[in-house]
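Chain by chain, the residues run as shown.
4 protein chains.
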Amino acid sequence: MNVCAATASDASVDPLAPLLKALRANAPERDRLGGHAAEEKALIRAEGLLLDAVPKKHGGHGRSWSELLGTVRRIATVDSSLAHVLAFHHLQVATVLIYGDDEQQSRWLGATVCEQGWWGNAMNPLDRRLEAHAEADGFVLDGTKSFCSGTSGSRYMTLSAVPAGDNGPMLLGIVATQQPGIRVLDDWDPIGQRQTDSNSVAFDRVALPARDVIRASDATPTAFQTLRACIGQLVLVNLYLGIAIGARQEAHDYAHGGTARPWVTSGVAHATDDPYTLNRFGELHVQIAAGTALADRAAHALDAAFAQGHALDARERAEVSVAVAEAKVVTHRAGLYASQELFEVVGARGTRAALGFDRFWRNVRTHTLHDPLDYKLNLLGRWSLKGEAPTPSLYN
Amino acid sequence: MNVCAATASDASVDPLAPLLKALRANAPERDRLGGHAAEEKALIRAEGLLLDAVPKKHGGHGRSWSELLGTVRRIATVDSSLAHVLAFHHLQVATVLIYGDDEQQSRWLGATVCEQGWWGNAMNPLDRRLEAHAEADGFVLDGTKSFCSGTSGSRYMTLSAVPAGDNGPMLLGIVATQQPGIRVLDDWDPIGQRQTDSNSVAFDRVALPARDVIRASDATPTAFQTLRACIGQLVLVNLYLGIAIGARQEAHDYAHGGTARPWVTSGVAHATDDPYTLNRFGELHVQIAAGTALADRAAHALDAAFAQGHALDARERAEVSVAVAEAKVVTHRAGLYASQELFEVVGARGTRAALGFDRFWRNVRTHTLHDPLDYKLNLLGRWSLKGEAPTPSLYN
Amino acid sequence: MNVCAATASDASVDPLAPLLKALRANAPERDRLGGHAAEEKALIRAEGLLLDAVPKKHGGHGRSWSELLGTVRRIATVDSSLAHVLAFHHLQVATVLIYGDDEQQSRWLGATVCEQGWWGNAMNPLDRRLEAHAEADGFVLDGTKSFCSGTSGSRYMTLSAVPAGDNGPMLLGIVATQQPGIRVLDDWDPIGQRQTDSNSVAFDRVALPARDVIRASDATPTAFQTLRACIGQLVLVNLYLGIAIGARQEAHDYAHGGTARPWVTSGVAHATDDPYTLNRFGELHVQIAAGTALADRAAHALDAAFAQGHALDARERAEVSVAVAEAKVVTHRAGLYASQELFEVVGARGTRAALGFDRFWRNVRTHTLHDPLDYKLNLLGRWSLKGEAPTPSLYN
Amino acid sequence: MNVCAATASDASVDPLAPLLKALRANAPERDRLGGHAAEEKALIRAEGLLLDAVPKKHGGHGRSWSELLGTVRRIATVDSSLAHVLAFHHLQVATVLIYGDDEQQSRWLGATVCEQGWWGNAMNPLDRRLEAHAEADGFVLDGTKSFCSGTSGSRYMTLSAVPAGDNGPMLLGIVATQQPGIRVLDDWDPIGQRQTDSNSVAFDRVALPARDVIRASDATPTAFQTLRACIGQLVLVNLYLGIAIGARQEAHDYAHGGTARPWVTSGVAHATDDPYTLNRFGELHVQIAAGTALADRAAHALDAAFAQGHALDARERAEVSVAVAEAKVVTHRAGLYASQELFEVVGARGTRAALGFDRFWRNVRTHTLHDPLDYKLNLLGRWSLKGEAPTPSLYN
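Each protein sequence line maps, in turn, to chains A, B, C and D. So in this note's numbering, spot 73 of the first sequence is number 73, and the numbers just go up one at a time. So in this note's numbering, spot 254 of the second sequence is number 254, and the numbers just go up one at a time. So in this note's numbering, spot 268 of the third sequence is number 268, and the numbers just go up one at a time. So in this note's numbering, spot 29 of the fourth sequence is number 29, and the numbers just go up one at a time.
Worth double-checking, as some hints may not be accurate.
Simulated crosslink set (DMTMM-like; lysine to aspartate or glutamate; CA at most 25 Å straight-line) [unchecked claim]:
| no. | chain 1 | residue 1 | chain 2 | residue 2 |
| --- | --- | --- | --- | --- |
| 1 | C | Lys386 | D | Asp52 |
| 2 | C | Lys386 | D | Asp273 |
| 3 | A | Lys56 | A | Asp187 |
| 4 | C | Lys386 | D | Asp218 |
| 5 | B | Lys386 | A | Asp212 |
| 6 | D | Lys386 | C | Asp273 |
| 7 | C | Lys57 | C | Asp212 |
| 8 | A | Lys386 | B | Asp273 |
| 9 | A | Lys386 | B | Asp14 |
| 10 | C | Lys386 | D | Asp101 |
| 11 | B | Lys386 | A | Glu283 |
No lab work stands behind these hints: they were computed from the structure. Nothing here was measured: the structure is a model prediction, and the numbers come from that model.
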């Protein structure tokens, strides 16, 4: 319940603590540099985290979404870029579980376990430039896909492609990243989330055999399959929340550090006794608590729904979608609020570039633009006022 | 999860539905009249709800706080005055459980079950005018106590009294309301929560035998005993939340009713399709969802802590107190927000006095003044920034 | 600049002070009673305020809108119902100036000065039930009109009526309220603004001779004539602002009164030294200051535009409309904020019905529903993003 | 009144337009580089703006604060660092006018006009490391001063120094920046306002003759002299406001550019027709309008007070200080709001680092930490609730 105390007091016995410490140590510097964080991704891999979403029957850790996303959230407190890369790795594993048949699951997830390989993706649903040309046994891929998070340094990638000459839905497939004809570009230079490797990927006559197509372009998704969008949204929720918690942690540590001074007219001896600072922390605490309660509730709902597999019905799916949307609105705001508010606590001296405290805001500001808050409220309004279930889509 | 749909769809099988319907039907009229709601209190009693907090071993229903407060919350959606009276009845039962010895519990709670009697209270901790004069076998009470919610029409009451000639803490005792010398005044005329019967009570040489003193004035409370304040605060949380949900329900029903019209320049055919109205509902939904998640979480924490009895330690008690405070801040705001926002949806035609829609705001505005929001944030700030546990008090 | 100090320090030399004092004294009681405030309207009339909007050439005081609305605002600090009735009196005088020809102005405004008579109105543009049947010399009126503010106790009234058998715009006319066939109903019973006399008026074969038609139904309004809606909106702005200032004044006076006590854990000796209370007052002050600056600026813009008469062009009219809309959004919020916030300062003891502090919120909540805030923001968004001038209408 | 239209429509005849265009063109690149903007400062100088605050009798332009700060505000819409440097130049000219005697004014302001030289400052009141050792004819300065905005590339600088061995107030003096012993360091590397040259300055046995001391350390300031803090605060107000307007302008231009796309479920053809985007612009507009009205009002109050010179009394000074504080609270929030909100309009595609849109937020976030918002509200609360005039200080 005491979110802030958690990091500190559990550190001694917390298996994640060394990783968090290492990522936090050079996060400001890596934020400045941007680009690929090969060493830090190696640390995450060494921790065994890449197996967390893989079911036990395929040799993985078979963790629940509540557990997985809890870890993602904690990593996001110190580095929301790498938390994103890890979470999107899990999302691609989930994609194999959701769309792949038994053979595909066994083959690709088995490889994931043996090789401890990273998953990337070329799934941007708004980019229709990648085309799949039918060939003897499957397809040949040609074109480019943007925002391919995590593809640099990955071994496998999921992708979506438009059947050549078609205007309808895309097919989904899997390829090995090192396969001939695949080229990861270096065009990701944003103001935040600078190490998510969300580069474009160019495909030049890349083979996609039929056995690696996990969803045909004309397939009708089951309610269970549309959970993928809920997982993607819940990843964002936990990134926003982690950023908020991380910003609060920096404010906390700075306020207790030697540099903090009470305001000249405050009449108190220590910055941490200022009545306004206390209430700003109280407000941070409340927003994080509300976000945490909703994020946790949504994760439990997702766990229950995911466990049902293809038996899941539309109503239950809708309730997961609504729970995720509730959490998304609250954590979107909590992330922006905390990362801006951090500075009210640290004050003018906290604006030195070397501290890099602005990265929290730049990270959450970048990531909260994934899809508009207004339409999330609209979705919730339709549910609340009209009883309309959210239309399953790539964002809900 | 779908808060709004709950009332409607479960109504057919919901044992509470007839009571809710009856209370809602004349709530606006009773709000105008104020005073004592004898008939409606009889309905609640007939429903058996007075036994909910009494343990099974004493013949009661032995419900958890999560269950009890869930019912209080639902009643508050239609009538937050009577929800308050019922919740404070439970709080006095809890007071007997917390402070009473086995014999006292058995005697008073046994009577509660046999007689299905209401509990009132004269416990206002800020009013020190009621004095206890030591006599042969106990005390004689003289003086007056204000804000004695639920005392009109009650059979028993808890009370706190200052030992005559003392400046320290009060003793706690129990009396039968009909006992000679007790007079319930008629001085409760507020702007909201008008039927909580929070009148003053005058005591004129009222006997309090030693066996009915449940806490001596010099007793040091255990961590468990200080949970009483947490229960009191969590009652408020559920009242605020119930009011928010009720306001949303009225807005919902009015928007679907025949009177609602879309705004002249909205370009939509039905008021329920206005994009701004939809997002206002989305916002209502989010605030209620956050309040619900935190209120439920705090209730579960309370249940776990209460079950430990006197084994509860200070740290666990602190975590309950913090969870309740988090929920209190969010529901305080949600209640005020929803009861004001209700009108943005119903529009100018919704301001007819006969509809009585302003009672939601008057109720929650009155009740949210119980203790200041600023000091709740201060408590949370001390916890979050300095790791200070809330000092157990009459408000935390 | 010091809004709060103004009332107090200038009281000795302030000609309006006795009226404000009288209205404030029984405002809570009159709020409870509702209905017609004949005595208080007589006080306003005795003050000569009914002549303020009448040009000097007709024998009036010829005050500017800045002056007129400043007085309205001050009256609204103690009684927003009567401030409304006075402001709407001015609005009808303006209607005669805007639409009437020289003879009509001279005749009706001359009468206004001689008789010091109140103007009411039956102008509700959304109510098309009043029909005008063409007769030999003008029209005969039949039907009913709702929300006829100020008509009870008035001598004259403006009205709008649909030409019988027509679907288009209404004609505007003037009648004497005592004319045979006019009956003011008693159906105004709202939650706030309870003494604005916004009753319905029934017309039973009421003569409207041609010489009292001030606008034909097929007339195309000039930019100057569309200023009437701007005046109406600016009246609302000043009512909202006056309510905010009045709520702040009550909070101020109560905090300095004998009943206010500091919170038990505040550590200060006087309620007025609580750091959170001080900042709540700071926030009230800021919102009122912003509202005042914008309301004053809009009034100056209106004065300049009104002085141009029919020479006013569409661009200048648009700028007045935008300035009024800016002020409306800010004062709408300031009014709701201050009237709710008042209670955070006065605390639980301030909820006694006898104090009647809830009337500020009920008044502003009722009145802010006149037309939706969302569409005011939409109008400003169109101006700011797209450069679109507000379409002159009954609300802009 | 139409803030947004101003920049566009007046560009053809606006003498400032070429400068604004030049600064906007490379602002993102210069933000990345940080450091000294020699070329751009030369453009500002070439525009003659350095003479604006110098009275006509000394050969300057003698502009009012309203005019001066209006220009600062406009420059801040495209480059708040250089706007700051220019405004602080004016502030030092004002310092000479406020503290200097006739001879000092004539000599230093005459030089300013002849040489068109920039003023810097070493006035940080919280840094007491610079000491003044009394010598035959004046003082010798030794030590270091931090946050010396605008000193790089300046010809003259004001400074404050502690009399050696003293604990009291500082003396104020003027030196030529090129004087032997003065060394401007290169230690300014913040997250925002990166080109304000707020480096430290080291003084090694620098002569300060008595004739260049403009205030002795034991002088008691007049009310007029304490206006300097009001000017400094009003500079911040106009910087915050300019940043808000600039962020709005970028959002506006981007929304009309070729890249903007409506959201997939919006149902509108152009991004600029989205109802939520329109209302977000409406909200931006309102906040900017409120900030503008208050900033303008405060500037007029300052002009009137400044014109009174040493005749200014404490009450009038207090009213200026309050007007500035009101504007500061509103523009502080408007700046943060607009610079964050900009991204809700431009969307995910607007986060490319090359666009540099995050600089608005980094600039305003850095600068709004100058002194705490909470204590500005506290000041306004004391004024509003207790009638206490703000204590003149370095921040009020």
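Each hint tested on the structure:
no., hint, in the structure
1, Lys386/C - Asp52/D, "violated (35 Å)"
2, Lys386/C - Asp273/D, "holds (9 Å)"
3, Lys56/A - Asp187/A, "violated (37 Å)"
4, Lys386/C - Asp218/D, "violated (58 Å)"
5, Lys386/B - Asp212/A, "violated (55 Å)"
6, Lys386/D - Asp273/C, "holds (9 Å)"
7, Lys57/C - Asp212/C, "holds (21 Å)"
8, Lys386/A - Asp273/B, "holds (9 Å)"
9, Lys386/A - Asp14/B, "holds (22 Å)"
10, Lys386/C - Asp101/D, "violated (53 Å)"
11, Lys386/B - Glu283/A, "holds (14 Å)"
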